[in-house]
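**Q** Starting from the given sequences, assemble the full structure and let the hints guide the process.
To convert a position in the sequence shown, counted from 1, into my numbering, add 146.
Source of the hints: derived by calculation from the structure; they are not laboratory data.
Warning: the hint list may mix true and false statements.
Cβ pair distances, simulated, as ranges [stated by the list, open to error]:
id: 1; residue 1: 205; residue 2: 272; range: 17 to 23 Å
id: 2; residue 1: 271; residue 2: 302; range: 33 to 39 Å
id: 3; residue 1: 262; residue 2: 292; range: 31 to 37 Å
id: 4; residue 1: 239; residue 2: 268; range: 28 to 34 Å
id: 5; residue 1: 188; residue 2: 273; range: 31 to 37 Å
id: 6; residue 1: 274; residue 2: 303; range: 27 to 33 Å
Beta carbons are placed, not taken as given, at the ideal position from N, Cα and C, and that holds for glycine.
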Amino acid sequence: MERTHSGLAVLVVAGLVGALASAAAAADDPGVKVFIEKRCYTCHTVASHAAEIEKQKAAFIKASGAEADEEGEDEKDSKGGDLSDVGAKRTAAWVDEILKNPKPSFKDTPECQRLAKQKDRKKFKGTPEELTALEKFLGSLKGEAKQAAGFTSCLKD
147 MERTHSGLAV LVVAGLVGAL ASAAAAADDP GVKVFIEKRC YTCHTVASHA AEIEKQKAAF
207 IKASGAEADE EGEDEKDSKG GDLSDVGAKR TAAWVDEILK NPKPSFKDTP ECQRLAKQKD
267 RKKFKGTPEE LTALEKFLGS LKGEAKQAAG FTSCLKD
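**A** Rendered as structure tokens:
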């Protein structure tokens, strides 16, 4: 009987170590840093890494002397959608193309055109190294997206 409990304890400890290692890996991920520094979080969420992104976002804001936008932040953060599953749904080539030239990837419906005026659908501005780091981070996101209530994607499928 003791052996069964020991085995269970080992599994629980191994699971906790794995979760902590995953969080530490996200903290060290240069793509997360780019996501924060390029302020991708102003339109997008990553629910699967929310705690780490919030922690790094707070540190970035404090270090850069920028002010946090407390008012309307929830609405602002969700307008581009949650990216938690982008690595599972999209290819690396698609991620590369939308970061370099996003406009052709969006629908031309009247509602999407109205939203386009409110959203920043601009190409990525950064170094090639930053682009590569961001693409690797986005490609690693294979969790389950948690879109905000009422969110409708304007991306072409």
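**Q** I'd like to know which numbered hints this structure contradicts. Please list them from smallest to largest.
**A** 2, 3, 4 and 5
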